[in-house]
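**Q** So you can see what is in the structure, the chains are spelled out below.
4 protein chains.
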Amino acid sequence: MAMTGVLRPGHAQIRVLDIDESIAWYTDVMGLVPMGRDAQGRAYFKTRQERDHHSIVLRQADRAGLDFFGFKVRDAQTLQALEAKLIAYGVKTERIAAGDMPGTGERVRFRIPTGHHIELYADKQHVGNATGCVNPEVDVIDGPGICPIRMDHCLIYGGDIDGSRAIFEDVLGFNLVERVKLEDGVTDLATWLTCSAKAHDIAMVRHGEDDKLHHVSFQLASWEQVLRAADIMSRNRVSIDIGPTRHGITTGTTIYFFDPSGNRLETFCGGYDHYPDMEPITWTFDEVGAGIFYHDRKLNPAFLEVVT
Amino acid sequence: MAMTGVLRPGHAQIRVLDIDESIAWYTDVMGLVPMGRDAQGRAYFKTRQERDHHSIVLRQADRAGLDFFGFKVRDAQTLQALEAKLIAYGVKTERIAAGDMPGTGERVRFRIPTGHHIELYADKQHVGNATGCVNPEVDVIDGPGICPIRMDHCLIYGGDIDGSRAIFEDVLGFNLVERVKLEDGVTDLATWLTCSAKAHDIAMVRHGEDDKLHHVSFQLASWEQVLRAADIMSRNRVSIDIGPTRHGITTGTTIYFFDPSGNRLETFCGGYDHYPDMEPITWTFDEVGAGIFYHDRKLNPAFLEVVT
Amino acid sequence: MAMTGVLRPGHAQIRVLDIDESIAWYTDVMGLVPMGRDAQGRAYFKTRQERDHHSIVLRQADRAGLDFFGFKVRDAQTLQALEAKLIAYGVKTERIAAGDMPGTGERVRFRIPTGHHIELYADKQHVGNATGCVNPEVDVIDGPGICPIRMDHCLIYGGDIDGSRAIFEDVLGFNLVERVKLEDGVTDLATWLTCSAKAHDIAMVRHGEDDKLHHVSFQLASWEQVLRAADIMSRNRVSIDIGPTRHGITTGTTIYFFDPSGNRLETFCGGYDHYPDMEPITWTFDEVGAGIFYHDRKLNPAFLEVVT
Amino acid sequence: MAMTGVLRPGHAQIRVLDIDESIAWYTDVMGLVPMGRDAQGRAYFKTRQERDHHSIVLRQADRAGLDFFGFKVRDAQTLQALEAKLIAYGVKTERIAAGDMPGTGERVRFRIPTGHHIELYADKQHVGNATGCVNPEVDVIDGPGICPIRMDHCLIYGGDIDGSRAIFEDVLGFNLVERVKLEDGVTDLATWLTCSAKAHDIAMVRHGEDDKLHHVSFQLASWEQVLRAADIMSRNRVSIDIGPTRHGITTGTTIYFFDPSGNRLETFCGGYDHYPDMEPITWTFDEVGAGIFYHDRKLNPAFLEVVT
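Each protein sequence line maps, in turn, to chains A, B, C and D.
Heads up: the first sequence is residues 133 to 440, going by my numbering.
Heads up: the second sequence is residues 133 to 440, going by my numbering.
Heads up: the third sequence is residues 133 to 440, going by my numbering.
Heads up: the fourth sequence is residues 133 to 440, going by my numbering.
Since the hints were derived computationally from the structure, they do not count as laboratory data.
Computed from a predicted structure; not experimentally measured.
Accuracy of the hints is not assured; some may be wrong.
Since the list gives no way to pick one copy over another, a pair counts as held whenever it fits inside one copy or between any two copies.
As the list claims (entries may be wrong) - Once the Cα atoms are required to be at most 25 angstroms apart in a straight line, the calculated SDA-like pairs of lysine to any residue come out as: (1) K217 x P408; (2) K224 x L436; (3) K430 x G277; (4) K430 x S371; (5) K217 x E341; (6) K430 x Q192; (7) K430 x N368.
With the sequences and hints as input, model every part of the structure.
**A** Written as structure tokens, this is what we have:
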């Protein structure tokens with residue numbers, strides 16, 4: 133009753149240029165657990181602490197980017213109800229058959245006005261995490277690789293972020309947590325939304341081109357784990373975009389970096405709890421620099437322009 | 133739609149033996165923000181980051197303990213609906229008038245089988261936090277005092293924890309996150325419940341006497357803040373029960389300590405996200421020591437026996 | 133017998149453009165303890181944990197930079213002996229009278245080949261630190277300001293770093309800890325030297341102009357304190373040069389930033405113990421980027437060019 | 133000139149009851165690097181970051197404890213000079229032949245008044261550390277095991293700690309950093325000494341029985357590494373004596389725990405720099421509890437009584 137509807141981000145299908153190189157990299161550098169490949173050649177991964185079958189799907193393609201981003205909903209009944217609401221709202225949905233992804237039930241897929249494909253699903257195989265459900269030991273994060281806690285959220289770029297936000301808020305029950313205003317003080321440059329009590333489950337930035345990915349983000353346990361991640365990136369010659377630093381928006385600490393195909397990823401820690409009765413935080417355009425990267429407080433062109 | 137019903141713990145009214153000494157202590161040592169007193173002499177406090185008027189209420193009395201623990205619900209309609217569900221379930225409710233607590237709307241109070249008084253309310257004045265909702269700076273935790281992020285949860289002791297849990301689960305929509313079994317492998321010694329995606333919003337331990345408080349808990353941002361809290365406690369000659377250490381249950385790091393009246397409080401960091409589709413974690417009785425305090429793995433009699 | 137000769141960096145006299153603004157900044161933002169001004173108008177500061185009268189001296193001037201950098205030696209006899217060695221080595225020394233700086237005994241001043249003025253002294257008033265020498269409490273770092281542990285080292289720029297290094301090594305008994313080679317694989321671009329078992333007490337970079345300051349550095353207790361320092365800098369609109377990040381050289385974590393006059397300062401944490409029997413670490417020119425800033429591994433022109 | 137004489141603790145030979153079990157434990161749980169065994173069956177270990185051949189030596193015996201503790205001195209000439217000073221002071225010395233320990237030169241062994249055997253040596257094979265001396269990467273501490281930075285110091289128990297201290301101070305040039313007084317305010321209960329600028333290289337407690345070991349200590353990089361060490365201990369069912377907590381003495385954070393033979397070890401982080409011109413810190417007997425364990429401030433009988 134308290135947590136209903138859409139629960140959490142469940143999977144991101146990412147396009148990579150060389151699947152074998154990428155499998156090695158997501159395993160050895162990111163420290164994700166490989167969960168096998170399917171008949172189409174897609175590769176599946178989860179973190180050590182995630183309990184469902186997978187959260188990251190890699191698909192080989194001739195350009196990088198995000199195929200789709202999926203959210204787990206509470207149950208089959210919720211899936212049915214949300215699909216009905218989407219259709220009533222005028223959103224065209226399609227059903228992807230159970231088993232298209234290993235261990236995953238039927239998915240409802242739809243396109244949002246920014247051009248991205250979003251999925252909802254109710255069932256994914258509970259494979260369990262590294263520590264189990266009976267007398268679990270504490271998981272010591274000892275690699276190999278970064279070993280994030282969970283795939284946490286994504287930031288997408290596209291034109292009509294008002295339209296996309298409306299679907300998340302009005303149909304799917306997400307709440308607005310933070311927003312950045314353009315110079316006019318009215319138009320949103322960017323918005324951060326949650327379906328739970330996190331600082332963000334999805335975020336979007338207004339952009340000239342639709343269906344673009346800014347980053348997929350993974351949660352870490354501490355600022356010291358952020359440092360460890362940066363050290364592992366350097367040892368592995370990962371291209372770091374920026375960080376370790378802190379966002380003003382959400383107050384999370386962060387590193388942005390690129391996978392071998394040029395997809396931007398984030399490892400972050402922190403943020404705060406946001407409940408639906410709370411007023412969203414607003415950043416005016418003159419302070420967007422501090423909002424994005426709190427320490428240097430400068431507008432960062434790469435943040436606004438480089439996407440896949 | 134995603135976060136509905138009961139949102140979060142909202143206030144704990146704690147009995148103290150000397151209100152003036154306690155006001156000084158909760159201000160200077162805990163680092164809470166004093167929010168004034170009411171006509172009954174009760175003293176109100178919030179953390180720097182909490183946005184509602186208060187989360188801790190102190191009332192002078194001749195014995196320590198917890199008067200009641202309140203949860204904020206999403207809106208007035210939800211309050212109405214939950215009260216109706218409680219009544220339908222056979223729980224007797226009473227309405228406390230708006231204004232009985234400063235800045236607080238009408239509250240629905242009821243007694244659960246373990247003898248504790250629980251409240252639900254939909255409205256409390258948004259006074260805002262230390263950093264505001266427009267271009268907020270990062271809050272540097274520089275005291276004076278511990279300055280926790282939020283009042284986070286409580287652990288209560290009483291006889292019929294099955295009955296109390298049933299109300300939280302069946303009526304209020306909480307979910308079971310972890311449990312400890314007694315020697316028989318069937319009866320619960322203790323349960324941890326959430327109304328959101330936290331590791332716990334309330335917990336309860338089976339105990340010979342009803343209406344007892346084990347602790348009220350405050351969240352800290354990091355393990356280093358746990359150390360800082362312990363240092364502040366020592367400088368201020370606060371009686372530390374145990375810690376810094378780590379719980380196996382929730383994996384949070386922790387210090388238990390006592391306010392000047394002997395009420396046990398906790399400052400903790402960590403825990404993990406729990407969603408309603410996840411299987412609860414079970415601790416068998418032979419591993420309860422590791423569950424409660426992970427590092428020494430020994431059953432701790434004081435944890436099970438000392439309550440107010 | 134084990135720690136003899138030169139003990140540690142003791143003071144840096146820094147030129148500032150506006151002494152009043154600088155006093156406020158070093159007090160409120162850096163969190164140094166103001167120790168008064170002298171008849172010449174110079175302002176004195178120490179950290180909370182330093183026990184001697186001062187470590188930072190500010191002098192108003194029309195250009196920023198470093199007047200001199202002083203080291204404390206073990207005793208008056210050592211001062212005498214080191215002066216004799218300097219003279220024997222061909223270095224011209226001068227004696228600055230006791231009392232020229234408050235609480236400070238006679239100083240031996242000399243110029244090194246890179247044009248910098250270095251001082252040695254044996255006596256400075258022990259004013260004690262924030263926690264005292266009897267049953268000290270732990271010092272909780274709660275500001276106001278950054279509150280570093282100690283003034284730790286400086287990095288100077290000039291032409292003949294071989295000549296300056298020779299004096300530190302051959303006369304003053306410093307040891308080489310790390311070095312960066314130029315493209316020829318022979319010439320040193322930079323060297324890090326210690327008079328104790330730290331990773332650096334002074335460092336020098338080869339540069340076209342003599343008597344230049346790259347930075348004066350202050351030690352912090354943890355990577356989390358580095359984050360707190362960055363947050364304080366942002367709140368106070370301090371110009372951050374780079375960081376938080378990590379050096380490959382020394383492995384310390386770091387922020388470079390500027391005081392209101394444009395003098396670069398550093399807050400850092402970490403490094404490793406270096407003893408005189410250990411082989412120095414060498415960085416080849418192709419890896420100098422990773423040596424200076426480990427995470428992005430890129431040669432940073434500002435690091436090599438911006439000095440006062 | 134600055135670091136002369138005795139440089140640092142170099143090795144501890146520890147008696148264990150079952151050498152094979154102990155080799156596995158020091159490798160897998162402590163995360164030390166095994167460096168082989170000698171003809172006598174002794175097993176050698178170093179940390180990943182130590183550069184000399186070994187720092188821990190295990191010898192199978194029928195009771196636990198410390199055979200001897202060795203310090204590295206600057207060079208052969210220093211060894212000669214210190215031996216001469218010891219003899220002149222009335223201390224009987226013996227020379228252990230080069231090669232008695234693998235990779236180790238001649239050692240000067242002597243007995244101090246508390247009954248312990250102390251060694252000095254000038255040469256031990258430089259085998260290098262995990263990251264090398266040319267363009268070193270940062271060492272990511274990813275186990276297996278605790279992986280401390282270095283063997284750091286030991287605490288010994290015996291009767292005549294004044295006599296032992298006199299040898300360290302008067303002959304070997306150590307400096308007194310902290311001391312605890314007995315009720316009489318005159319007699320030392322315990323003293324902490326350094327041969328460098330660390331908070332301690334050796335410490336001693338007055339005790340009824342001679343030649344006893346309280347603990348051998350290993351340095352960790354951060355308070356978060358202390359937590360990781362405690363988690364690793366719990367997972368491996370290591371008996372933890374106390375911690376994580378903080379000492380008042382030195383202000384270091386700490387865990388005391390036992391190896392499989394009952395030898396107490398410590399993993400610690402922190403402490404402060406002590407130079408020979410600094411006044412030692414004194415703890416009066418009524419505050420010894422806070423001195424030893426700062427958070428609970430209680431005199432801990434096990435700390436004072438359990439030794440091997």
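**Q** None of the hints should be skipped; say for each whether it holds.
**A** Do the hints match the structure? See the list:
1. K217 x P408: both (20 angstroms within a copy, 22 angstroms between copies)
2. K224 x L436: neither (30 angstroms within a copy, 56 angstroms between copies)
3. K430 x G277: This pair counts as between: shortest inter-copy Cα distance 22 angstroms, intra-copy 31 angstroms.
4. K430 x S371: both (21 angstroms within a copy, 11 angstroms between copies)
5. K217 x E341: Classified as neither; 28 angstroms inside a copy, 49 angstroms across copies.
6. K430 x Q192: neither (36 angstroms within a copy, 30 angstroms between copies)
7. K430 x N368: between (28 angstroms within a copy, 14 angstroms between copies)
Consistency with the previously given hints fails for numbers 2, 5, 6, ordered from lowest to highest.
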